[in-house]
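Both chains are given apart, each in its own frame, so use the hints to dock them into the complex.
Protein chains in written order, with the numbering used here: chain R, 1 to 492; chain W, 1001 to 1096.
Accuracy of the hints is not assured; some may be wrong.
Below 30 Å or equal to it, Euclidean Cα-Cα: the simulated DSSO-like pairs (lysine-lysine) are [stated by the list, open to error]: (1) Lys96(R) with Lys1075(W); (2) Lys404(R) with Lys1043(W); (3) Lys359(R) with Lys1090(W).
Because the hints were derived from the structure by calculation, they are not lab data.
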Amino acid sequence: MKTPLRTLTIAEASKLLIEKEISSVELVKSCVEAIETKDADIHAFLSFDAKNAVLQAEAIDKRRHAGESLGPIAGIPCAVKDNILVKGFTATAASKILEPYQAPYDATVIARLRRAGAVFLGKTNLDEFAMGASTENSAFGPTKNPHDFSRVPGGSSGGSAAAVAADECIFALGSDTGGSIRQPASFCGAVGLKPTYGAVSRYGLIAMASSLDQIGPMTKSVEDCATVFETIAGYDPHDATSVVSAMYAELANVVRYGIDGMRLAIGVPKEYFGQGIEKSVETSVKQAIETFRKLGVRIEEISLPHTPYALACYYIVMPAEVSANLARFDGVKYGFSTLRESGRHARALQEVYFETRAKGFGPEARRRIMLGTYVLSAGYYDAYYAKAQKVRRVVQRDFLDAFKKVDLILTPTSPVLPFRFGERTRDPVSMYLADVYTVSINLAGIPALSLPCGFAECQGGAKLPIGLQIIGKHFDEKTILQAAYAYAHANA
Amino acid sequence: MAIRKEEIEHLAKLARLGLSESEKAKIAPDLASILEFVGNLSKVDTHAVEPLSGGTDLFNVFRSDGAALQKHDRKALLKEAPETKAHYCKVPRVLE
Chain R
1 MKTPLRTLTI AEASKLLIEK EISSVELVKS CVEAIETKDA DIHAFLSFDA KNAVLQAEAI
61 DKRRHAGESL GPIAGIPCAV KDNILVKGFT ATAASKILEP YQAPYDATVI ARLRRAGAVF
121 LGKTNLDEFA MGASTENSAF GPTKNPHDFS RVPGGSSGGS AAAVAADECI FALGSDTGGS
181 IRQPASFCGA VGLKPTYGAV SRYGLIAMAS SLDQIGPMTK SVEDCATVFE TIAGYDPHDA
241 TSVVSAMYAE LANVVRYGID GMRLAIGVPK EYFGQGIEKS VETSVKQAIE TFRKLGVRIE
301 EISLPHTPYA LACYYIVMPA EVSANLARFD GVKYGFSTLR ESGRHARALQ EVYFETRAKG
361 FGPEARRRIM LGTYVLSAGY YDAYYAKAQK VRRVVQRDFL DAFKKVDLIL TPTSPVLPFR
421 FGERTRDPVS MYLADVYTVS INLAGIPALS LPCGFAECQG GAKLPIGLQI IGKHFDEKTI
481 LQAAYAYAHA NA
Chain W
1001 MAIRKEEIEH LAKLARLGLS ESEKAKIAPD LASILEFVGN LSKVDTHAVE PLSGGTDLFN
1061 VFRSDGAALQ KHDRKALLKE APETKAHYCK VPRVLE
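The following block holds chain W by itself, in its conformation from the complex (with noise of 0.2 Å):
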């Protein structure tokens, strides 16, 4: 199975990840021969199976209802910022 590669820019683009092109190249056959390995899942009948989406099966999970205190320190969060302004992270402009 060959993985075109428009299907890459595509899957690169969905995961904001910069490529170059000789990395295009590479990583198309490596995703290809993963996939094929991956592909024997289809032998096993599964039907009428409920998937297992976590390690557990806990359900609904929820905190107290209350007001959470401040744990963490924001000057300590701050500083692992590139770019700060007063208490946010600071980024280049979204919109144009």
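With the rest of the complex left out, here is chain R (with noise of 0.2 Å):
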């Protein structure tokens, strides 16, 4: 049987695509006869337009008819968070309060893909305004993960990773908060990056902790990656936090080179490899560690001393700013409102505000605002968030000591295997868990890949991928990419 055509990566694709051997058309159709027939069950789209999918491909084709030269992304369908801003698809965030929602423009990263030519399939699930790490917080009902449907695909870019692993898409947009493209893309078995904060525009990304989030690639190659990351990457002064000396132009060419001659140090922070890391995880991202030991690559132990704070540092200052984010929706500008209830008459604004607010956010939303609004909240705000921005600097200090020695770190994305529907949903604080290991890398604003470094076997046969964490120094994805390069042509 030949492979379908949706198994390839980008780079596959576009070698295809530029000899004429196939076209976009057929590409589009290959991913949605797989959206038609296997997303009823995995559920990783809460929108999707097959006709103007296929409407954007022909238009690609046509051009390179005419002898265009198009770039590598030019045809390829992909897969957006329903976060992120695609004009004329709905942009829910995965709550009821954006429902009716239609973007009415493209984000910076939509408008940078649209100009290479990519092409839109549709919107992903996540956890409501991807506040989560297993999309179990979905207004609109949880993602399976694609090896076991038992089980989640992490979270929140959970209908990313999983439509990138099922082949329903070449590569998907993710956002990262405290590990939502890490640890999903380590659940399902991709690749995804989290850059440098200020490396991608943050415009048009509905926003959940703004000096946390940043928009990322899922793909099924580290080259691929590199490919989108380059694509969506760089300056835009409608973000005032992108920075502008962040150019990484030819990176997916560099990326080809390896770390051959590099003689790169690595560190492994010891302080991951404690307790509550599964047998598994543990084995997996030792044995890569001996694979760049082979590499040539200098293994040190080194110290992260206060990761044991990372996650509480981090769970005041995210709902900090997400009370203020949140505070935007109120029935009045868009979305879901009780205004719009028919027979209903407000008496006050305040009421608007109240019921909009009160029927629209689901419980993880309301009790993150919450808990912002606590620890803002005056007689709490010094010892909380005044805290814990000292306690972020700390953590950052401990990087930026670490990189003075080596160039990378290496660590597992997550300490667990994807774990069971309703597991950790009882208890908050063990769902906040699943975020451990990444959540440090977001407070510092330094760059992190995922890449899978093995399956462990589970009862009922059912294979279950593991992921291995690459952090690198602002704004030296390249290092970052090129070393999970060589990895994953070592392991081929």
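Right, dumping it as structure tokens:
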């Protein structure tokens, strides 16, 4: 049987498109077929428009046939997390409060992909407003892990990770505030990059915690990850925190050189291999470290002493920003509103606020709004928020100190394998612990990538993916991707 | 650490968030357990540490002082609002 086109990577598909062996319409139709047959079970997509995707593909094919020279993304079908605005599609953030919302413009990352000729298939599921680690907080039902339908795909970008893993698209975009790209990539066996804070514009991303959020690629290969990242990165006047010096031209080509002759030093932090890590995860990650040693990398044990405090710091800083960002959902400007309810006549504006927000936000969003309001309120600000900002500096300093001695840091992406539905929903703190190896990176503002480093055999015969996290210096995505490329090819 | 019901009501008012009685009862222990969890931060010595308020140390980013061109289609933006009048979002009376 011929392998379906949808299983191709960007690099493979792009080569065939350029050689005119295949058309973008064929490639898109192959993904559409997968969505139509599999997505009723997986539920990676919240919205999807086959007809529109085929039209986009036809336009690209026409340009190619007219002799236009197009880049590697042209004609490649992708999926976009539903908290990123794509003009013409809804953007719900998996929340009831945005259920009727149609994106009136493209996010900067989407405008850049569109310019590069990407084809947009649809929008993927997430935990409401990207708050969660399993997609179980989606107001529209969870996504299933394509490797085992009884388990979560991770989150919050679980829909994007599952869509990539199930070959329902060639690549996807996610967003990462505390691990929301890397952890689902790990759980679904995809490659996911959380860029340096400021490398990618957040304009058109529905904000969760603005000092932590970054958009990034979720792909089938390291090379593809570099290609997508290079396309979406760079300064944008619409995001004041995007950085002028963030330039990544030709990145995908450089990445293919791997790490030969670089004499890299890689740090392995002892705090990430302690209590709570599953044996299969530890074994796989330690094997990956051995592979790097064989590739000529110097491995050094390091310490990031404030690791035990990062998660607590995150769960103050993040909800504080959530409570401010979600204040905009007031039932007046867009989205769900009690003003729309027929026969209702609100007596006062206040009533619209209270009722719209009561009906529109799910339990986790409410919890974080309340928590954020608490830590910012008079009498508690210094003890919680001001303290957390100082601890954030100390957590960042750990990394900056480590990077004086090493070029990269290796850890597991998640201490645990994909867990079962309902396993962590009873107690919020147990769900928060799923982010334990990823949040520090967002607090420090540095980049990190998750890539598959093996599988664990489970009862019932399911093989569950394990993710390796590679952490780098500010704006040094290049070395991360080169190392990831070298590892992926050493293993192949 | 327990959180009193009055405190929950005060926070919900600050956040403009309607909560039912049963939600108030459920959210109090949730918040208490999270606050207990984050309480370990007090163990970190942050004497003379400058706060890190963003993921970046960028400082005072200004746009150029010129007229911004109308970028968005006003009609498309207003279409998203539940109630409008002329070029405005319409809200119920604010002042008595």
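Here's how the hints hold up against the structure:
1. Lys96(R) with Lys1075(W): holds (24 Å)
2. Lys404(R) with Lys1043(W): holds (26 Å)
3. Lys359(R) with Lys1090(W): holds (20 Å)
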